[in-house]
Structure formats: structure tokens, C-alpha cells
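J.: Each chain, letter by letter, is given below.
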Amino acid sequence: MSERLSASMLENKIRIKELFGDSADFYTKDVTICGCRCCICMFEGLSSIERLWIMMLDILSQPGTQTREPAELFDYLMRRTAIPLESRSCLCLDDVRAQLTAGTSVILIDGVDQAVVLSTQSMQFRSVSEPSGEGNVRGSREGFTDLLRINLSLVRRLVRTGELVTEIMTVGGRTKTELAMLYHRSLVPRELADSIRKKLRTAKLPFVFDTGYLAPFLQSNRFSFFQSVGYTERSDTAAAKICEGKIVILVNGSPFAMIVPYFFTENFASMDDYSEKAYFASLVRLIKYAAFFLAVLLQGVFVSIATFTPELLPEEMLYKVAAGEQATPLPLFMEALLVTFLLEIVREAGLRLPRPIGHSVSLVAALIVGDAAVNAGLLSTPVVIAAALSAICTFVVPSLYEPITVLRSLFVLAGGIFGPIGIAALLFVMVVNLCGMDSFGVPYLSPIEPPDRMMWDDGILRANWRKLAKEDFAVSDLPCETWGDD
Amino acid sequence: MKYKNLPSARLFPLLFVCLSAEAVVKPFTLPDRAPAQAAVWSELLCAAAVCTALIFFFHRVSDSSLRLLRTGRLKQAKAVLAWIAVSASFAGGACLVTAERFYRYVSDEPTLSLITAALILLAATYAVSRGVLTMTRAAGAVCVLFLMGAVLLAASSLSSARLENLMFSDDILRKTLRRTAFGNWLPAELLCFILIKIPLKQGGSKCACRAVAASAAFFAVSAVLAELVLGEQAGALMQPMHTLARLGGLSVFKRFDALHVGIWLLVLLLRQAFLLYGTRTAVRGLLPDRWASFCIPGAIALTLAGAFACSALPQGSAGVLSSFATLSAFGAVLLFSSCTEVGS
Amino acid sequence: MKIFAMLLLATLFLTGCSATSLGDRAVVKAVYLDHTEEGYAASIVVYGCEPTTDAASAEGKAAIYSGVGDDVPQALAQAEQQQTKEPFYAQNGLLLLGRGCREKDPAPILSYFGEEDASRKDLAVYLTELSPEEFQQCEKGISDVIREAERLAASSGGRGAFGIHEAKCEDGFSGLLPVLRFSEESSSATVRSAVLFERGVPCASVEGAALQLASLLLGKTSELTMEITQGEERLEVAVKGATVRKNMSGSPAEGVLELELSGTIVSLTWGGKAVYARESKQASEEVNRFVEKLFYELVQITFERKNDIFGLSWWMKEQSSTQTAQLERSGELYDPGRLSFSCHLRYE
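Protein chains in written order, with my numbering: chain A, 1 to 486; chain B, 487 to 830; chain C, 831 to 1178.
If you are wondering where the hints come from, they were derived from the structure by calculation, not from laboratory data.
As the structure is a computational prediction, the values presented were derived from the model and not from experiment.
A hint or two may mislead.
[Claimed, not checked] In silico contact screen, one side only, chain B against chain A (beta carbon under 8 Å); selected entries:
| hint | residue |
| --- | --- |
| 1 | R559 |
| 2 | L560 |
| 3 | R587 |
| 4 | L600 |
| 5 | I601 |
| 6 | A613 |
| 7 | R623 |
Positions of the beta carbon are idealized from the N, C-alpha and C atoms, including for glycine.
Take these sequences, add in the hints, and give me the full structure.
T.: Now the structure itself:
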């Protein structure tokens, strides 16, 4: 339980200074307002003295303002002026800390054991801009920023019903980061909201800088390659998910909203699907599904076929693969692993380097990996082509990048060492893994397995809006299977 | 969220795929040389007999007695569970042997037998550890692939099919009975089915009978297709469906056999997992609670023992033995159920 | 899960990488076998390629390796030993039988390759007119010959292409084996005739229109291209969509198997000129009569001699297998009077 403020302004000021140490950006100023001794506390950089002056001091410095008792002054400020104060005053040190770090100004009044809070935020932040990923042809170009309140406003602008609920809580022992839980009151079952709220509250983290930190606390303990939570940087996507009966979690300091529950089929859907014609959207989704399986299986199957079952290769390709294999020092599957490894290094390097140098990485990678290594006989062309095709297919489904990368390498190992039985066994394990996942009680593969009509309406394919609009869909409509299984 | 108990009808894909596995990957016994006509009659006969027996079984056995059986608290339950474990593990061992031999048969560069068996068991064990609900969902996907593969096989083989290849036989009755007697007419998968914790009275018998009937139809159609293309050779081949897969082609696409083999390997893995699940469930009832973590290793050990036993038996006898073991296990369950109902 | 991973890692270390790499395999594209006085002569056509990182320039080069032996496996083994790589038969689509197989029963060779899993079941079998020594000289142009032969086998025209899965070798080989004509000078390959075998003994040569009609009756083609010589004039016919409908009227003991060939004549020239209107009707009737005559000639050398390669007796068995068996025992089944063939090709 945090220490309550005392009536002594000096004591409160000392305790607040002790709380923040000798921080150079912590600003205090003793002033007199209506004859009472007061102290202004704020963080420079988060709060603006000019705004404070404009909002309050100017009014209170007018001649003719009455002298008041401290308690009277407090009451006058809270209830009988037009000064835009926060509705809740600070009662304890923890409240003061929370308000000051949020960018407000806190005014201590000598003789009153509460503090008044003014919204004088004036911090620098990234403005609303186009999201870095999730590009689209049509639809909104607004992406979330790093400030929670602005993100909340972006969603509120899109879901203008009274059913949108926003709950704020704090996580992170050392950072006391604010997080918000947004959901549609009538679409989300109470037990789901309660369950997520409880998990968020009991998540013991020292610090939280991104929604991803919370994912392990929301997902099942069992290992899986795939995540049963989703992320989005787009406010319209978040709003759409809220309208489907999902819960969106936003964290202060991160532009990525987390979506729960999240299903496998959602990785293959985008907002553009709903703006385009149904037949084209369906085609694009099918391409994405095909790209996913190609990305995961192509290299492994290629290595397995070339090593264990070359009768499947067409004649001309057989000679090219054989010629390449004879000319290179490594076995095919080691080559495939090496190329995958190199591609990951290039990707990581390109991601972390400053932008001016980042472009050079692609050039160097193309020259070295694509050309010089092949000419020098270190790598064979078919392997490089298979790896490149696999990588391109990975980029079609960026939300599944991590599981695809890991699974791809595993399939290469399985195919190269064990052959077709390795591929089949690993594919079986992957299918079982996918089938065994639940996202808050709903099977992860819904609506594909267990089969539901939504599989054809908005799962693998997308139906016309006339059909989709006839029946409202919410996640709560999907069957949750219980099983008395051991 | 609409929370609901799983209807037994959802088990249909799992049962169907497991029961139909032997239609595409035959156990490596001496070919029965029976014409397709005998195969069709034999399947009809088996399906009718098994469905009748299942209906009678589900009528006589109560859900409460099955629940009591699974717990293994009574000595009689333990005895029945022990017999079920032996039956399921023997069938699981036979499946393992078949899968390993089939993989060696189709591969130009086969992996070591030990490695193949280890991979199969590992994958099956993982599926068992995820539970039968997960297996049911996985079976949906595998069933779709299986049926698509079957349609592709039929479409790619029809161009080589000739009516004149179908054989007629004078003593069709003898051949039908011989094929029935020496086949796997009562699969152990049906034992595993009754061990699943679902209310079997509510549609359990319908689901099982539908799966048996669909599987019998699949067997019959595959036998006819094989004979249409291969003629009298179909009955003499160890793996006629694999031969069909190697022959078939659609337009410029040849060599579908790898695709079919991949799908059939998935089917075998699922079947292995289901049989391992049955063995594990039976062993779980036999072991005290403090040894519960040993039920999967115990089931694997039993399956391996079943595999060794199956390899040591004379050719052609594994299927018959398995059927008799399953039949006696069903009889034991019936007896247990009637004893517990009389007792209560 | 950790235990699974550890067990898997353990198996990884147990396996090693034991598969033969592609570069160490000798890709066999065709096999040649022939009877010799001592036993069998075998030749394998192996495709190899030079190591190169330039995939565009990589291509297979053919080489022929030969061997002899007392039986087929021995002859093949000796041929394989002439080179150092592991033979790889999964790409092999051709079985070529030598000149000696036109005189001796090819059943031992066909049975060997017909065994389960010994070869791809769509292995195409052709007779050739080459002896083992002549075949070995064909190395230069053999790639083109193989390509041409594979194309012939895969085409819908078929030219009576014979798949190894069709080989019926009880009591010797019975069936039609197409003859693939090529030589060391010419790199093209054609099929113009086939040899009819009756229980291991070659008994007739079927060519031209008769060969095409035989392919049609065997269900391998639905097209016919024929040249009918009438006096000094020649009638050239091309037929598409040809089908043969079979119907057994009455019991096998008393009834007749009616065969009706129907199809569309797409091209008809008489004496080098296209045919129209009234002449077309006459020409069509001429074609139909010719085809009917061809059929009975085929029946004379097959069905009548109890060499039912077209499976005509199946239609009688379908009615009553008991009666058919009785007729077969009494020697009355293969009476050509039990067959009635009519041809109804129409010119459009």
C-alpha cells in the first residue's frame, strides 16, 4: 500500500524528491496561489510549463482573485473553476508517481493531504503514420503509434458504438507500463474477458516494452511452433477484430496491438480481402496457403527427393542437380541448410543496419550468395533457387515468418537425413501440433477443423459481402470442444 | 463460446482412415490371389457381420460399465484391460512392421529399419501425448488428403482400365470364405474406439458401423480398380495399389506414386497413433496412479513386443490372430459389463 | 517433449548420411536384352553428366555397357559391372528386346521385369531388329532414339505400345509386341509392325491398318489411320473417336458376341483428292467393309487359334462362366462363328 500524502507540502515535496532521486529532469517550483503556498511538480520534457501557465497560473494570477484557505482552494480548483484538471486527485505517492510519469503536472497545496493534477502533457512522440508492415492497396493508412492514449483514440474513432469497452491496467514492476484491453461488450463472452484480465493482472514481468512480452502469459504452456495470439499495427484491423468479438491489447510504448484469440486462418487474411471482389480475394488466400506450404516444405522435399527418391525428378532436372551436386563439396542438405543460414544472416543484417547502409547488404548478398558462391562451386544453382523461392514464399505470409523459418530448417534436416519418412513424420507432427492448439478454448484451426461453414465463407475462401452480411459472425459462434480425455 | 461435448460422429474420419489403411498398404503376407468378385463379397460379408456384432455389443454394454472398465479399479476390469492391451499392442506391432516394410519396399534408398520404426513410434507417441481430441482433428485433415489421393488414383488409372481384365471364378464361394477367414476381419481399432471416453450410447454404434461400412466399400472399390487395370496380377501382387500408383498418370503428369506414398505414410502414422492410444489407455487402467507417467513407455514397449511377435509368426497368420484376439477382447468386455450390471 | 527431442538427436547420430548421392548413380534410361546361344546378352544405356556449377550446360550423355550371362540377372549384373557407379533404374522407361526374341520366347525376360517392384510398371517393351553387337554400335544416336521411343509410348496413338504390366507369361508369352525400327545411322524411331506371339512362339506379323485395329481392340487407341488400296487408287482414311461396343446376345452356348465399331472419319482422300457428298458415302462403305475384313483376319490368327489377346471370351464368361468353361473344355469356345463384327464409321 503506497504512502498517503501528508498535509505538509514540504514533507510531500521531500518524499517525492526521494522517490525520484536526484533526477535532473524532475522540476519543482514553489508558488503562491490565492494566498496559499503550493508546489508545482513536473518532469521536463514530459510536461510543459507554458501550458501550465496558460491553463492555470494566468487565471489565478489575476488581481482580484480571492485569498483562500488551503482546503477551500482545493475545493475551488476541483469543483468550481473551468480549469481542465484531472477528475481524480492524487491521494498517495504512487498516484503522484503515475501522474508525473504520464506527463501531467501535480500541484501540492500546503495544508491539504491531496494533490491536484493538470493535463499539461507536452511530450515528443511519433505521429500517426502508415504502418511499417501490413501494406494494403485500399483502406486506411493509419497505423498505431507508441502512445497508448493516441492508439485508443484511433480505435475509438472507428468503433463509435457505446459497446466498445476500454480497460486500463498497469504491468511491469520496474516500468509500470500502462496497458489497455479493448473489446466489444456484447460480443465477447464474460468468461473470456475475465480470463484474459486475470492473466494480464497476474503476469509478473519486470518491464514491458511491447505486447509480445505478454504473449507467453496468455498462451498455453505447451510448446508449439505457432502462436495463438496475433499482432497488428493497423487501427482498422484492430477495430475489425473487436467487431468479430475478439479482445485487443495495447501497451504504452509499442505500436503493435495484440489480438486474442487468434486462429491459423487469420494469418492468410488481410484487410484488402474485404475491399476486393470475393473471387480475387479467395484466389489470393489460396495463393497464400500454397505459399505457406511451399515455404515450409519445398527445400526439405527437394533435398529428400534429390537424395533418396531421384526418380521423381524430371530427366533434365536430374542431370542439372546431379552435375551441381558433383561439383560442390557439401551434401545437398548441408548446402540447403547453409543457404538458409546465409539468408537469415542477410535478413538480420539488413534489419539492424542503418538505412543508408542497409541497401548495400542486399547487393552484397546477391553478389556473394547468388553469384560468386555458385561460380566458385561452393553452392549449386538448384539449391540456391529452391532456397530463394522458399524465402519469397515466406514473405507472402509475414506473420508466420518465425515458425516457417524454423520448420523449414527442420524439414531440410528431416528430408536430408531420414528421407521421405522423415518428411512424413515431421509433417504429421506439425499437423498434430496445429490440431492440438487451442486459442482460449477455441481450436486454433477453426473454422477448418472442426469444420464450420465459415471455412468457405471467410476462412480458406471469402464469400461475397451480401452473404457475409446476412449472418453476423463472432468468435463466440465457433464451437469450443470439451473432451473428457486423459 | 459454445462449449459442447464432442459428438461421437466426429470420430468417423479417424476410424474410417484407420480401418481403410490396409486397403492401400497391405500387410506383407502371401497374396490371397482372390479375384475382385471374391473381395467384394468378402467385404460385404465382413461388414454385415461386424456391424451386426457392434450393434449387439453397444446395445448390451452400458456407458457406466465402460467407465468402470477404463478406471481399472476392479480385478475383473484389470484382467479385461490386460487382454485389450495385448490385443491392441499386437495390432500396433503389426502396423509398425507393415509400415516399416512398406517404406523399405517403396524406397530406392531406404533408411535403416530401426530408424524408420523409431521415427514412426516417435511421431505416434507425440500424437498420443496430445490426446485423442487432437488425433480426431488431425484425422479430418488426413482423411481429406486420403480421399483426394484415392480420387486422383482412380482418375489416373482409369485410362488403363479394361473390363476384360476382370476375372470370373466358378468356386467364388470358396475363394470368398478363404479371403474372409485369413483376412483382418475384426480390426483392433474398434477396441480402441470403445476405450475413448465418449458416451457411446449416443451415436457410438452408428459412427462405428458407418466407418466399418465405408471402409468395406473402400476395400471393395480398390480391389475392383486394381483388377480392372492389372487383371489377374492384382491378386498376386503384395502391394497392388502401389503398383497402380506407379502406373497412373494424368495428361503430362506422371509419377504420382510419391504423392500417394506420402499420403499413405500419413495414414499409417495416424493408425499407429490410434492403436498406441488404445494400448496406452488400457495400460493406464492397469497401473496404479503413482506410475501413471509410465503408461506411454509401457505402451511403446508392448507395441515393440507385438512387432517382434508379429515378425516371428508364419506369414498370413498375424491378421487372423489379431482378429481373434480382438473378438475375445470384445467378449471379455461384454462379460465384464454383464457382471457389473448384475452386481449393481 | 525434451525426451522426444533427445531420442531424435540420438537417431540422428545413428544414421549418418548413408544415401548414395546423385553423382554416384548411373541413371539407366533403357535396357536391351536378347537371347544368345550361351544364354542372354544385356546392354544398359546409362546417362551420365560432367560435374559443373553451370546448370544451364549440364546434360546427360549416353553410354552403352554390355554383358552376357546364363540368365537375365547375371547378364544385367555383368553389364552393370562395366561401369563404376551404382545403377539406378527408376528412370528406366524402355525395355528393348533383340532380334533373338523374334525367334525365341521372350517370357523369361518379361517375367523378370514383370516381377513386383523390379521396374516401373509403365516400362514400355519393344522388339528391335538389332543383334547385341549391332545395338552396342548405336551409342551415338541412342539418346534421340530413346526420346522418340518414350514419346511414342506416351502418345495416345500408342502404336500398340506394350506395358510390362500387361505381360501374360503363363505357358510362354502371348500377345502383340511392337517392333521399334531404328539403326545406328538414323536417330529416328518408328513402329510400323508388331509380332504376334502365341504361347511363346512368334506366329505372325501384324502391320499397318491391322496393327491399328488391333491397338483399338486392345483399348490403347481411339484413332485409326489407314491406307486401302483398291486397284490403282488409294483410299486414305483418318478416324477419330473410335470405340468398340460389345454385346453378348443369348447364352454363351447359343448366342453371338456382337462387336460394333463406331467413330468419325475426319479425313478421307481417294486417289489423293478429298472426297465429297455422294462419293463420301461410297467411300465410307468401302472403309467399313475393309475394316470388317481386317477384323476377321485378326480373329483368324488370334481367337480362332485360342490366343484370345483381345479378351473376347470375357464377354461370354460375363454371361455365364460355367457354360463358358464347359465350352472351353469341349473346344467349342473359340469358334469364329460366335463373333459378329460390324463397322459403322461415318464421314462428317
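J.: Would you mind marking each hint as holding or not holding in the structure?
T.: Cross-check of the supplied hints:
1. R559: Nearest chain A Cβ about 15 Å off; hint violated.
2. L560: Status violated, d = 18 Å.
3. R587: 12 Å, violated
4. L600: Result: violated, 12 Å to nearest chain A Cβ.
5. I601: At about 7 Å, which falls below the 8 Å cut-off, the nearest Cβ of chain A leaves the hint on B/I601 intact, so it holds.
6. A613: 5 Å, holds
7. R623: 4 Å, holds
Hint violations for this structure: numbers 1, 2, 3 and 4, all remaining hints satisfied.
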